[in-house]
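Each chain, written out:
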Amino acid sequence: MQLEQGVKAEISRLRLSATGYKIWRGRAVRLAFFALLLGLWQVVSSLELWSDVIFPPPKEVADALVLGIRDATLTTAIKDSMQRLCIGYGTSLIIGIPLGLLLGRKQLLDDTIGSLAVGFQALPSICWLPLAVLWFGLSETAMQFVIIMGSLMSLILAVRDGVKNIPTLYLRAAPILGATGWRFYRYILFPASLPAIMTGAKLGWSFAWRSLMAAELLYVTSGIGSTLMMGRELHDMALVVAAMIIIIFIGLLTDRLVFRVAEGFVHRRWGVGGGN
Amino acid sequence: MTKVDLRNVSRVYLSQSGPVYGLSGFNLTIKDGEFICVVGPSGCGKSTLLNIVAGFEPPDMGEVLINNKKICGPSTQRFVMFQDHGLFPWLNVTQNITFGLRMTGVSQKECEERAATLLKTVNLTRFATSWIHELSGGMKQRVALARALAMDPEILLMDEPFAALDAQTRDMLHEEVELVWQQTKKTIMFVTHNVREAVRLGTRVILMSAKGGTILKEYPVNLPRNRFLEDVEVVHIASQIRDDLRQEVLKAGEAEADIAT
Numbered sequence: 001m002q003l004e005q006g007v008k009a010e011i012s013r014l015r016l017s018a019t020g021y022k023i024w025r026g027r028a029v030r031l032a033f034f035a036l037l038l039g040l041w042q043v044v045s046s047l048e049l050w051s052d053v054i055f056p057p058p059k060e061v062a063d064a065l066v067l068g069i070r071d072a073t074l075t076t077a078i079k080d081s082m083q084r085l086c087i088g089y090g091t092s093l094i095i096g097i098p099l100g101l102l103l104g105r106k107q108l109l110d111d112t113i114g115s116l117a118v119g120f121q122a123l124p125s126i127c128w129l130p131l132a133v134l135w136f137g138l139s140e141t142a143m144q145f146v147i148i149m150g151s152l153m154s155l156i157l158a159v160r161d162g163v164k165n166i167p168t169l170y171l172r173a174a175p176i177l178g179a180t181g182w183r184f185y186r187y188i189l190f191p192a193s194l195p196a197i198m199t200g201a202k203l204g205w206s207f208a209w210r211s212l213m214a215a216e217l218l219y220v221t222s223g224i225g226s227t228l229m230m231g232r233e234l235h236d237m238a239l240v241v242a243a244m245i246i247i248i249f250i251g252l253l254t255d256r257l258v259f260r261v262a263e264g265f266v267h268r269r270w271g272v273g274g275g276n
Numbered sequence: 001m002t003k004v005d006l007r008n009v010s011r012v013y014l015s016q017s018g019p020v021y022g023l024s025g026f027n028l029t030i031k032d033g034e035f036i037c038v039v040g041p042s043g044c045g046k047s048t049l050l051n052i053v054a055g056f057e058p059p060d061m062g063e064v065l066i067n068n069k070k071i072c073g074p075s076t077q078r079f080v081m082f083q084d085h086g087l088f089p090w091l092n093v094t095q096n097i098t099f100g101l102r103m104t105g106v107s108q109k110e111c112e113e114r115a116a117t118l119l120k121t122v123n124l125t126r127f128a129t130s131w132i133h134e135l136s137g138g139m140k141q142r143v144a145l146a147r148a149l150a151m152d153p154e155i156l157l158m159d160e161p162f163a164a165l166d167a168q169t170r171d172m173l174h175e176e177v178e179l180v181w182q183q184t185k186k187t188i189m190f191v192t193h194n195v196r197e198a199v200r201l202g203t204r205v206i207l208m209s210a211k212g213g214t215i216l217k218e219y220p221v222n223l224p225r226n227r228f229l230e231d232v233e234v235v236h237i238a239s240q241i242r243d244d245l246r247q248e249v250l251k252a253g254e255a256e257a258d259i260a261t
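So the sequences go chain by chain: U and S. Just so we're aligned: the first sequence equals residues 1 to 276 in the working numbering. Just so we're aligned: the second sequence equals residues 1 to 261 in the working numbering.
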């Protein structure tokens with residue numbers, strides 16, 4: 001028994017160190033690659049082929065970042081954008097997930113609201129901006145409306161497809177286990193379509209993020225997209241690039257912190273196969 | 001006392017080559033506490049029969065009475081053990097076993113106690129908090145059995161639950177099911193294509209006809225418990241059934257050839 005445990009511990013230690021090595025090697029390669037890109041950027045800009053206005057050197061971009069954070073213009077912009085995104089995307093999640101679950105079960109709803117969602121999904125949500133400004137004025141609501149129209153449709157459709165792909169076996173097991181009525185939705189449909197909901201949420205987030213940036217570029221307001229536009233108007237390309245870097249960084253951070261964690265959760269339960 | 005009563009039940013499916021009878025004018029009475037095993041060639045309607053008794057599919061004609069009451073839809077009193085276990089991947093072993101109890105409003109504390117007892121019954125105490133995908137096929141079916149027992153249904157319907165398991169695991173599960181049946185005296189309907197398995201477990205074996213969805217023949221099995229798959233008497237009865245089954249399959253083959261030519 002003791003021997004067996006010793007062997008088990010040894011095996012798991014070996015496995016851990018093997019995966020640990022892979023993870024660290026991956027990190028090192030990525031770090032080296034990005035350092036190389038940065039170096040290349042520095043070299044090209046120091047050749048002075050173009051003026052600093054057209055091709056800002058890394059130093060200027062770094063200065064713009066530091067300055068923006070020190071005088072709080074960039075941090076305020078990030079805060080404003082994230083606030084809009086959270087409200088708009090959050091609303092999409094709250095409406096989209098239950099609606100998607102219903103659409104997957106009720107053919108009548110799918111034929112009506114479902115086909116409407118398919119139609120609206122073909123429309124880039126920024127096209128809603130003129131109407132949104134007309135309806136809601138120059139307000140936060142108008143921006144959030146654009147975000148919702150961007151993310152809600154893909155979320156609804158992804159959840160609906162997830163529900164339609166739930167194995168018949170789970171649906172048959174539900175009533176004999178007493179999961180009927182609202183319990184069926186809460187304890188069977190929702191968890192069974194969780195992998196699809198995760199995919200939908202990720203897709204919805206990327207649509208929301210793109211819609212927000214487009215709206216902030218077009219619309220006179222605060223936020224990181226507007227900072228980018230301001231840089232353009234002031235011919236301050238260092239600020240433009242700084243804003244672009246922040247947009248990339250927020251995108252990556254959300255993917256790592258939110259979606260990786262959530263996917264790991266699904267992975268542990270469903271097993272490596274994922275899906276169903 | 002009559003537990004299950006199927007009266008003149010028919011179920012028709014439409015296929016490319018015309019109507020196919022899952023069941024046609026099917027009559028069967030199952031007494032309380034009987035262990036009925038249903039065998040037949042594939043496509044004979046065994047699964048249709050089970051789905052109709054479970055309430056997953058409505059009969060096109062005729063009626064199904066349980067305790068002399070006509071059924072409409074599935075119920076917690078007729079629990080089904082599926083071939084592919086049907087356990088929920090988003091719940092761990094214990095949560096799967098107690099899922100039905102929680103749905104019917106049993107308290108958390110009682111759920112835990114029942115789960116502990118059932119885990120002991122199926123020898124899975126060590127795996128109480130494992131995820132389903134971490135278990136072997138036999139362990140999954142044992143969890144499915146524990147989940148069925150937790151529901152304490154009047155009738156247990158089993159749809160080839162051990163077909164995909166290796167021989168040793170299947171033997172163990174046969175013993176467990178037999179023990180459960182002896183202790184609880186539940187009415188069990190067990191669908192299988194394995195004739196010897198049917199004779200080893202059942203109090204009565206029903207052989208279905210290859211086409212047309214009717215009963216071809218019934219075989220009472222009055223052998224003492226606990227039986228083994230290798231028992232001479234089990235093998236003897238099974239070989240009788242297998243002979244009848246073989247003729248039936250041949251006949252069905254000829255019928256098919258007739259249509260083809």
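Source of the hints: derived by calculation from the structure; they are not laboratory data. Glycine residues also receive a C-beta, built at the ideal position from the N, C-alpha and C atoms. Please note: incorrect hints may appear among the correct ones.
As the list claims (entries may be wrong) - Covered, in the sense of this in silico footprint (three residues per stretch, anywhere, with C-beta under 8 Å from a C-beta of chain U), are these stretches of chain S: (1) 28 to 38; (2) 100 to 110.
Said to hold, decoys possible - Each computed SDA-like pair below joins lysine to any residue, with the alpha-carbon atoms no more than 25 Å apart: (3) U:Lys-164 <-> U:His-235; (4) S:Lys-217 <-> S:Asn-27; (5) U:Lys-164 <-> S:Phe-56; (6) S:Lys-251 <-> S:Lys-186; (7) U:Lys-8 <-> S:Ser-130; (8) U:Lys-202 <-> U:Ile-54; (9) S:Lys-31 <-> S:Ser-130; (10) S:Lys-186 <-> U:Pro-175; (11) S:Lys-185 <-> U:Leu-116; (12) U:Lys-164 <-> S:Glu-57.
How the hints compare with the structure:
1. Counting residues of the segment 28 to 38 of chain S whose beta carbon lies closer than 8 Å to any beta carbon of chain U gives 0, which falls below the threshold of three, so the coverage claim is violated.
2. With 3 residues bearing a CB less than 8 Å from a CB of chain U, the segment 100 to 110 of chain S meets the requirement of three and the coverage assertion stands.
3. For the proposed pair Lys-164 of chain U and His-235 of chain U, the alpha carbon gap of about 52 Å is over 25 Å, so the pair is violated.
4. Only pairs whose Cα atoms come within 25 Å are accepted, and Lys-217 of chain S paired with Asn-27 of chain S is accepted, the gap being roughly 12 Å.
5. Taken as a hint, the Lys-164 of chain U and Phe-56 of chain S pair is honoured in the structure, with Cα atoms around 18 Å apart against an allowance of 25 Å.
6. Annotation: proposed proximity of Lys-251 of chain S to Lys-186 of chain S is violated, straight-line Cα distance about 36 Å (limit 25 Å).
7. Under the criterion of a C-alpha separation no larger than 25 Å, the hint pairing Lys-8 of chain U with Ser-130 of chain S is consistent with the structure, at around 18 Å.
8. Distance restraint check for Lys-202 of chain U and Ile-54 of chain U: the Cα-Cα separation of roughly 35 Å exceeds the 25 Å cut-off, and the hinted pair is therefore not satisfied.
9. With a C-alpha separation of about 38 Å, the suggested pairing of Lys-31 of chain S with Ser-130 of chain S is violated against the 25 Å cut-off.
10. Restraint check for Lys-186 of chain S and Pro-175 of chain U: satisfied, since their Cα atoms lie roughly 20 Å apart, inside the 25 Å limit.
11. With a C-alpha separation of about 55 Å, the suggested pairing of Lys-185 of chain S with Leu-116 of chain U is violated against the 25 Å cut-off.
12. A hinted pair counts as satisfied when its Cα atoms are at most 25 Å apart, and Lys-164 of chain U with Glu-57 of chain S qualifies at roughly 19 Å.
Violated hints, listed in ascending order, are 1, 3, 6, 8, 9, 11; each of the other numbered hints is respected by the structure.
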